[in-house]
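> Spelled out, the chains give:
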Amino acid sequence: MGYFAKSPWLLHYDGSSCNGCDIEVLACLMPKYDVERFGIINTGNPKHADVFLITGGINTQNIDVVKNIYNQMGEPKVVVAVGTCATSGHFFSECYNIIGGVDKVIPVDVYAPGCAAKPEMIIDAVVKGLGILEEKKKKMSPK
Amino acid sequence: MAKRTVIPFGPHHPVLPEPVHLDLVLEDETVVEAIPNVGFIHRGLEMLCKKKPFQDIVLVAERICGICSMIHGVGFSQGVEKVMDIDVPPRAEYLRAFWGELSRVHSHILWLGLAADAIGFESLFMHSWRVREMVLDIFEETTGGRVIFDVCKIGGVRKDIENEILKNRFSQQIDKIEEEYSKLAKVFTEDYTVCHRWSNVGVLTKEDAHKLGAVGPTVRGSGISQDMRTLKYGAYEHLDFEPVVENSCDCYARTVVRVKEVFQSIDLMRQVISKIPDGEVETKVKGTPKGEYFSRVEQPRGEVVYYVKGDGTKNLDRFRVRTPTFANIPPLLQMLGGCDLADVPAIVISIDPCISCTER
Ligand code: SF4
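Chains A and B supply the protein sequences, listed in that same order.
1 is the number of the first residue of the first sequence in the numbering used here; add one for each residue after it.
1001 is the number of the first residue of the second sequence in the numbering used here; add one for each residue after it.
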């Protein structure tokens, strides 16, 4: 992919993460990694977002919140699961309150494992997600 | 009487890094009551002690919170070590204190950034996090992780730092961090906007702080000198420091406490570097824990209490954590009563809430 056809906006939600992955997501937006120079910005509004970054596994309380945010996002959209908790549930899947990874409730396009996922990994995952976003867009547009 | 309105705040809210829900009862623009609703990140970590051997729970404890992970590990290990009567080698204790203080620096700078963001001071937020990356560089080099370290284990630590590197390169790096941080600290304590937004906001009187059981910078900002490190656990027995106390009882006081504590931690790290003894970094662990112990350590956010109870098998019988944010929620509700709606984010942030600790 040579250049981004659009400036992708991110939405970040903390599922049941330990904070480790959240602060790494935030660190991507900070001066050292600074993804804003690629036009990637973090928004708080699901309707504005193209990429849904989710950290932490799914538990009984947040399952509806995650589904709700996902459904509010406009098409096309990409879901990125950040951290081992979000990709598979980590060892927390043995806890009584954890259902598992994010893909148990919503379709996930890119997995970025790691505990915590490093900023390089998160940026890489988002860039991969953008490719998928483009493809989804092509499929949507009428011939 | 003005009409009452209830405004839901969270769980997904742009100013909150983590999901928590507050129902704010308003009379015009003034908050009269705040009703919390927590549990969005509850995982049920404490029950894992029944499924995993006690040595592995250190890793679980570190993942209670990604910001103060190191100190969680230390708190838990200390509890088990006391139950099993294990003597930790002095070098390991010094290393724990070194990483612990480094975590405090990273956590406080992170918080200062978020607090600046909560009052809309974006550039200060960015600069704080830029300085924080210098701290994370040391972590990455010594432990391999940036936020989760896994270096603490029962009986000591997993990794050693060479004296040569500690005494030369890291002390220089710490000097550099201090230099960069001093510039930030000046803004946080002297800038007009910052002082204006935080002074006389979210007041928690000394009596209330005591009565409601506040801990950490929240209680120290209300004029009470309470710091678990004064219990002299681990290497703190050999290190000199005085708890930082401020008396103005508002958000500004809590900020100043944290600003000063970063300098204090830098000083403690220098003491560790100059005093660290040579030797082993771990002892062999034999047997299984039988008995119970309350371990209390000081997190960046305040006192954390670990209760461990072993029954002589490889799985602990009970493992319980009382985290600082949990203790600080009643004081927070007290501070919110009577404040302006627009000040809610600044006040909520001022106790440095860590929801993943609270709900585990
Ligand atoms: S993957 Fe690790 S760092 Fe990330 S949320 Fe889970 S436990 Fe925390």
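Be aware that a few hints might be false.
List time: in silico DSSO-like cross-link candidates among lysine-lysine, alpha-carbon distance up to 30 Å [as the list claims (entries may be wrong)]:
| id | chain 1 | residue 1 | chain 2 | residue 2 |
| --- | --- | --- | --- | --- |
| 1 | B | Lys1206 | A | Lys32 |
| 2 | B | Lys1050 | A | Lys104 |
| 3 | B | Lys1050 | B | Lys1003 |
| 4 | A | Lys104 | A | Lys128 |
| 5 | B | Lys1284 | A | Lys32 |
| 6 | A | Lys32 | B | Lys1051 |
| 7 | B | Lys1260 | A | Lys32 |
| 8 | B | Lys1260 | A | Lys104 |
| 9 | B | Lys1260 | B | Lys1050 |
| 10 | B | Lys1186 | B | Lys1159 |
| 11 | B | Lys1167 | B | Lys1211 |
| 12 | A | Lys32 | B | Lys1052 |
| 13 | A | Lys138 | A | Lys128 |
| 14 | B | Lys1051 | A | Lys118 |
| 15 | B | Lys1052 | A | Lys104 |
| 16 | B | Lys1082 | A | Lys118 |
Bear in mind the hints are in silico, worked out from the structure with no lab data behind them.
In this text the structure is predicted, and so the values were computed from the model without any measurement.
> Now, for every hint given, state plainly whether the structure supports it.
Here is how each hint holds up against the structure:
no.: 1; hint: B/Lys1206 / A/Lys32; in the structure: violated, 40 Å
no.: 2; hint: B/Lys1050 / A/Lys104; in the structure: holds, 26 Å
no.: 3; hint: B/Lys1050 / B/Lys1003; in the structure: violated, 51 Å
no.: 4; hint: A/Lys104 / A/Lys128; in the structure: holds, 21 Å
no.: 5; hint: B/Lys1284 / A/Lys32; in the structure: violated, 41 Å
no.: 6; hint: A/Lys32 / B/Lys1051; in the structure: violated, 40 Å
no.: 7; hint: B/Lys1260 / A/Lys32; in the structure: holds, 25 Å
no.: 8; hint: B/Lys1260 / A/Lys104; in the structure: violated, 45 Å
no.: 9; hint: B/Lys1260 / B/Lys1050; in the structure: violated, 41 Å
no.: 10; hint: B/Lys1186 / B/Lys1159; in the structure: violated, 36 Å
no.: 11; hint: B/Lys1167 / B/Lys1211; in the structure: violated, 44 Å
no.: 12; hint: A/Lys32 / B/Lys1052; in the structure: violated, 38 Å
no.: 13; hint: A/Lys138 / A/Lys128; in the structure: holds, 16 Å
no.: 14; hint: B/Lys1051 / A/Lys118; in the structure: holds, 29 Å
no.: 15; hint: B/Lys1052 / A/Lys104; in the structure: holds, 25 Å
no.: 16; hint: B/Lys1082 / A/Lys118; in the structure: violated, 35 Å
Taken one by one, the earlier hints fail for this structure at numbers 1, 3, 5, 6, 8, 9, 10, 11, 12, 16, listed in ascending order.
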